[in-house]
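Engineer: Here is what each chain is made of, one letter per residue.
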Amino acid sequence: MSDIAVRCEHAGKKFCKSLKKSMLYGGLDIFGSVFGAVPDSTILRPEEFWAVDEVSFELKRGESFGIIGPNGSGKSTLLKMLNGIFMPDKGRITVNGKMGALIQVGAGFHPMLSGRENIYINGAILGMTKKELDRKFDSIVDFADISDFLDSPVKFYSSGMYVRLGFAIAVHCEPDILLIDEILAVGDKAFQIKCYQRMHEIKKKGTTIILVSHNEYVVREHTGRCLYLNHGKQRSMGPSEETINVYIKDVYEQRSQQRTVNNSQDPNKQKYAEIIGLKFCNVQGRETSFIESGAALDVFIEFMVHEDMDKPILGVNFYADDGALVYGANSHYEQFEVKEFLRGPHSVKIHIPHFYLPTNDYLCSVVVAQENVGNLIDWHDSRYKLVVGRAPNARGLLKLPTQWEILK
Amino acid sequence: MNDHTHIYEPHKQLKLGMKIWAEMFRELFQFRELIWRLFIRDLSAKYKQSVLGNLWSLVMPFVAIGTFMYLNHAGILDIGQTQMPYPLYALIGLSVWQVFATGLSSGANSLVGAGDLITKISFPREVLVIASMAQSVFEFLIKFVLIIVFFLVFQFSPSWNIVFLPLVLVPLVFLTVGLALILALLNGVMRDIGNIVSLLLMFLMFLTPVLYPIPGKGLLFFELNFLSPLVNAPRDLIAFGHIQQPGHFMMAAGISLLIFLVSWRIFHLAETKIPERM
Numbered sequence: 001m002s003d004i005a006v007r008c009e010h011a012g013k014k015f016c017k018s019l020k021k022s023m024l025y026g027g028l029d030i031f032g033s034v035f036g037a038v039p040d041s042t043i044l045r046p047e048e049f050w051a052v053d054e055v056s057f058e059l060k061r062g063e064s065f066g067i068i069g070p071n072g073s074g075k076s077t078l079l080k081m082l083n084g085i086f087m088p089d090k091g092r093i094t095v096n097g098k099m100g101a102l103i104q105v106g107a108g109f110h111p112m113l114s115g116r117e118n119i120y121i122n123g124a125i126l127g128m129t130k131k132e133l134d135r136k137f138d139s140i141v142d143f144a145d146i147s148d149f150l151d152s153p154v155k156f157y158s159s160g161m162y163v164r165l166g167f168a169i170a171v172h173c174e175p176d177i178l179l180i181d182e183i184l185a186v187g188d189k190a191f192q193i194k195c196y197q198r199m200h201e202i203k204k205k206g207t208t209i210i211l212v213s214h215n216e217y218v219v220r221e222h223t224g225r226c227l228y229l230n231h232g233k234q235r236s237m238g239p240s241e242e243t244i245n246v247y248i249k250d251v252y253e254q255r256s257q258q259r260t261v262n263n264s265q266d267p268n269k270q271k272y273a274e275i276i277g278l279k280f281c282n283v284q285g286r287e288t289s290f291i292e293s294g295a296a297l298d299v300f301i302e303f304m305v306h307e308d309m310d311k312p313i314l315g316v317n318f319y320a321d322d323g324a325l326v327y328g329a330n331s332h333y334e335q336f337e338v339k340e341f342l343r344g345p346h347s348v349k350i351h352i353p354h355f356y357l358p359t360n361d362y363l364c365s366v367v368v369a370q371e372n373v374g375n376l377i378d379w380h381d382s383r384y385k386l387v388v389g390r391a392p393n394a395r396g397l398l399k400l401p402t403q404w405e406i407l408k
Numbered sequence: 001m002n003d004h005t006h007i008y009e010p011h012k013q014l015k016l017g018m019k020i021w022a023e024m025f026r027e028l029f030q031f032r033e034l035i036w037r038l039f040i041r042d043l044s045a046k047y048k049q050s051v052l053g054n055l056w057s058l059v060m061p062f063v064a065i066g067t068f069m070y071l072n073h074a075g076i077l078d079i080g081q082t083q084m085p086y087p088l089y090a091l092i093g094l095s096v097w098q099v100f101a102t103g104l105s106s107g108a109n110s111l112v113g114a115g116d117l118i119t120k121i122s123f124p125r126e127v128l129v130i131a132s133m134a135q136s137v138f139e140f141l142i143k144f145v146l147i148i149v150f151f152l153v154f155q156f157s158p159s160w161n162i163v164f165l166p167l168v169l170v171p172l173v174f175l176t177v178g179l180a181l182i183l184a185l186l187n188g189v190m191r192d193i194g195n196i197v198s199l200l201l202m203f204l205m206f207l208t209p210v211l212y213p214i215p216g217k218g219l220l221f222f223e224l225n226f227l228s229p230l231v232n233a234p235r236d237l238i239a240f241g242h243i244q245q246p247g248h249f250m251m252a253a254g255i256s257l258l259i260f261l262v263s264w265r266i267f268h269l270a271e272t273k274i275p276e277r278m
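Chains E and D, in that order, are what the protein sequence lines are.
Counted from 1, the first sequence has number 123 at position 123 by the numbering used here; the numbering is strictly sequential.
Counted from 1, the second sequence has number 58 at position 58 by the numbering used here; the numbering is strictly sequential.
Fair warning: there could be bad hints in the mix.
As the list claims (entries may be wrong) - A short list of chain D residues far from chain E (calculated; beta carbon distances all over 12 Å):
| no. | residue |
| --- | --- |
| 1 | W21 |
| 2 | G188 |
| 3 | L200 |
Said to hold, decoys possible - Residues from chain D shown here face chain E by an in silico Cβ test under 8 Å; the list is partial:
| no. | residue |
| --- | --- |
| 4 | Y8 |
| 5 | K19 |
| 6 | K48 |
| 7 | I121 |
| 8 | L141 |
| 9 | I142 |
Keep in mind that the hints were calculated from the coordinates and are not lab data.
The structure presented is a predicted model; accordingly, all values stated were derived computationally and were not measured.
Glycine included, C-beta positions come from ideal geometry on N, C-alpha and C.
So that you can see chain E by itself, here it is in the shape it has in the complex (with noise of 0.2 Å):
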């Protein structure tokens, strides 16, 4: 077997806007296969549009993959045309080796039947046969931990467990490339813990992952490369981290256009200040949006001031995923006096020399407010995109330092 475990080359899928024109050309394409007269798949009839154009890229063995972009941008699209459910319509995509999918957890599970018939099917649907599922039984049972449940009708399930046994299924058929579509985000922290220590495991024992994710911190954390697709188009592709950078900036650019839109709009309001943009920056002073937790950070805080003001405040926030605030910076609770801004521009730097939340993805806010912190002027509510990640060397999801002693 060669080393590339998958190869995509100028691959492209269309879909159709209307349902009416979808079903004439579903009609027309089998008719038009059975009779040999086959219409060319690489020109757009009425209504169809590429969901995916033009993607290209090659895998080795053992190589781990991430895809991103916004919603609808084609990443499920392409996940499905690598699992050979959907053909290209033009383009080639070739796979060595058995491949795994895990595009939706439990699909397939049938809700009357039992956790244990169940494990049967779904295993012969991943292509398991009962010997390998006779072997294995015990090791899913265990680690999708419903033992209890075992017996009961699948339907009794509580939506975590279902996922459980799906996940638990699909990595016991040890596929040689495993595809895996941001299903980990249902489930409990204690089991998508568990499920990506096993992604590692797999990735060890030399399998191909291709994870598909919103959550940039996951795919920073498991893939070393990455492609970023936005509407359909491979927008960037490289090195992981560079690759989340330029699509946190894309969506960061996208979003203040927006923004000064529906600012223009509004012309009665008149700022004393103005925010302009928050930027980070890494130790080497590169702009950024990813930084390692425990690694010297620098936010820069850009604003441009109409009219002189007086006892100015400034503040940072970063939220979790989950909308919890973990951090705020704040000039006023720190005791940075100002005594005044005058006319123009401004920057100002806050450094810290070591940020140590926890590894995550944070949304991050800006205020200028004026004598007290509830006297906004202006605010960014949760623009900026930083994503933390681990250190090397780190247990668990932050790296905090510390004095060793021998006393004894």
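Since the structure of chain E is provided, determine the placement of chain D on it from the hints.
Structural biologist: Quick look at chain D alone, frame taken from chain E:
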């Protein structure tokens, strides 16, 4: 899912030419376990959801046979002479007919009914159609128990050639799977097909000598209806030990096999278009 290299590209199926047949058989063989599992799944699910379970498949024959007997008795219908007691005659006919009817209607709905399986998992879709056909064959086995009970009740001793019954049913099974493959495909694009099928099946049953013997005068439709020899052959076998119109039967069997092969080929060509329209 296998250890071979897969290449996905547009119209790949057409580029393979005749080699496609080897691929089709290989795929089917590879997924035999899945067919079995899906069959067991549907069987046990059906059994779990109802009190009577598989006994339900016996209700319909009783109702239909009772109705026909009443109509005959009241003089509304003249069924004429049958080679065995009428209830037995009708039961065998109906049981064989339902191999076709339930196989066809459940097969036609098998892709649409599979939901997530189709859109989220990759496997040869004909597996679904075949598994639902297996269901229909299984129901025939249950009815066969009832047929044996009828043998005892009516003190009718069947020919020993009854052991060849499975063989005689094979063409009917091929025909059913063949038609179901095409209908399942069309049903994926237009959901009307499911309704049309159940309507057509009702008409076809009355137009096929299932509950009555083949009319003596050679009506064109009955001559052309190749379902008729397929349905009658098992009954002939049980009553006389041989098939009464072997020529017709062989012809019908040939057509059935041809329909199966052509349909399977078409299904295989078109099945990749189904998930994206579901």
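Engineer: Indicate, hint by hint, whether the structure satisfies it.
Structural biologist: These are the hints, each one checked on the structure:
With a least beta-carbon separation of about 16 Å from chain E, W21 (chain D) lies farther than 12 Å from that chain, consistent with its non-interface assignment. The claim that G188 (chain D) is not at the interface with chain E is violated, since a C-beta of that chain comes within 12 Å of its own (minimum 8 Å). For L200 (chain D), the condition that its CB be more than 12 Å from all CB atoms of chain E holds, with the nearest at approximately 19 Å. The interface hint given for Y8 (chain D) holds, since its Cβ lies 4 Å from the closest Cβ of chain E, which is under the 8 Å cut-off.
The closest approach between the C-beta of K19 (chain D) and any C-beta of chain E is roughly 16 Å, which is over the 8 Å cut-off, so the hint fails. Taking 8 Å as the C-beta contact cut-off toward chain E, the hint placing K48 (chain D) at the interface holds, the least distance being around 5 Å. The beta carbon of I121 (chain D) is positioned within 8 Å of a beta carbon in chain E (closest approach about 6 Å), and the interface hint is therefore held. For the restraint placing L141 (chain D) at the interface with chain E, the shortest Cβ-Cβ distance is roughly 22 Å, beyond the 8 Å limit, so the hint is violated.
Residue-level restraint check for I142 (chain D) is violated (minimum Cβ-Cβ distance to chain E is 20 Å; threshold 8 Å).
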